[in-house]
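Undergrad: Listed here are the chains, written in short residue letters.
There are 2 protein chains.
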Amino acid sequence: MSNQTKDKILETATRLFYFQGFHGTGLNQIISESGSPKGSLYHYFPEGKEQLAEEAIVLSKRRIGAVIQHYMNEFVDVGAALNAHILAMADLFDVENGLEEHSYTMMPFGLLAAESAFMNERLRKVCGDTYKYWESIYYTKLIANGFSDEAAVTLSKAVSAMIEGAVTLSLSQRSNEPLLNISKVIPALLAQYK
Amino acid sequence: MSNQTKDKILETATRLFYFQGFHGTGLNQIISESGSPKGSLYHYFPEGKEQLAEEAIVLSKRRIGAVIQHYMNEFVDVGAALNAHILAMADLFDVENGLEEHSYTMMPFGLLAAESAFMNERLRKVCGDTYKYWESIYYTKLIANGFSDEAAVTLSKAVSAMIEGAVTLSLSQRSNEPLLNISKVIPALLAQYK
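From first to last, the protein sequence lines are chains A and B.
Following UniProt numbering, the numbering of the first sequence begins with 1 at its first residue and continues without gaps.
Following UniProt numbering, the numbering of the second sequence begins with 1 at its first residue and continues without gaps.
Looking at chain A on its own, in the form it has when it is part of the complex (with noise of 0.2 Å):
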């Protein structure tokens, strides 16, 4: 058994957590669309299904993190940083040919964090702590970019809240409008604050 075998498992949870959720997702479906006997998964997660869905929300937390970082470090202005960042969640939503399988790095990890808010307090507590990790990134950029702290900070949560919201509201009604809205919305908003 090697740690491919280990990332091949970790991948495929994630995926399907994703698309169904920690709960509507069984062991046995990540064991069969791994390919890998059942024996792996319990060496590698010797917790099972708790210890999978904690090892994903932390492998989403860095990977959406290096996207918004991405965006970040590609435009000085943290206005056009953040439209690239939306726009590009946005083209995801292909209503036409449905959501590709590779687009899932940019899912809603609110299904996760929702899931978990009552359910599961150990997994709640990672969800939580990714938000503020993400919010830490808009912050540092809109730092750089002159706000002041207490207008960084109100801005920081505000964004993390509107994308939240617009992916859930995209999803749910299979269009990019929701988020489309709000890549028009924050520019206003950043102007009123700087």
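One thing to keep in mind: the hints can contain errors.
For chains that are exact copies, the list does not tell them apart, and a pair is met inside one copy or across any two.
[What the hints assert, rightly or not] Straight-line alpha carbon distances no greater than 35 Å define the calculated DSBU-like cross-link-like pairs of lysine-lysine that follow:
{"hint": "1", "residue 1": "K125", "residue 2": "K61"}
{"hint": "2", "residue 1": "K6", "residue 2": "K132"}
{"hint": "3", "residue 1": "K61", "residue 2": "K49"}
{"hint": "4", "residue 1": "K8", "residue 2": "K49"}
{"hint": "5", "residue 1": "K132", "residue 2": "K8"}
{"hint": "6", "residue 1": "K184", "residue 2": "K132"}
{"hint": "7", "residue 1": "K61", "residue 2": "K132"}
{"hint": "8", "residue 1": "K184", "residue 2": "K194"}
Hints listed in this document are in silico derivations from the structure and should not be mistaken for laboratory results.
On the provided structure of chain A, position chain B as indicated by the hints.
TA: Chain B only, in chain A's frame:
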């Protein structure tokens, strides 16, 4: 078997779906917590869990819609109305005492929306329509406050996304700070469009 039995089953199912999600809630738990015989459940909800979920979503659509409308009626100014609505939600997040069971009428709709997004097209549609209905209440109030049609469309969708995201973040971080934060941000946003 009376309508009271039907209502009791639906209330129990709605509460459980909010706290545990669709996949995390089994019919047996609904039956046992509602104190109703299995036969009643299938008598009133012949399609089982899917039908219960659909009726729970429609119930929430009306109830939460009535709460939103209540705040829109209470204040002439749309900013004041939204503020009161969001602060009332923030009040429900009493970290010390935990969420009260009666407060589930304000719970995150996002869990059912996210769960159904890929897994159940029928429920996905009902959730998507629910968000549009709530947005229409904000829209009407914005128009009554003299906002242009274009501004009212943009703002009603943005408010909807912000509230949805802030509720998810508040639950996930066990803090009403994300909700309190958007209550500060929305007046600034409205000012930009007036």
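Undergrad: Hint compliance check: list the failing hint numbers for this structure, sorted ascending.
TA: none
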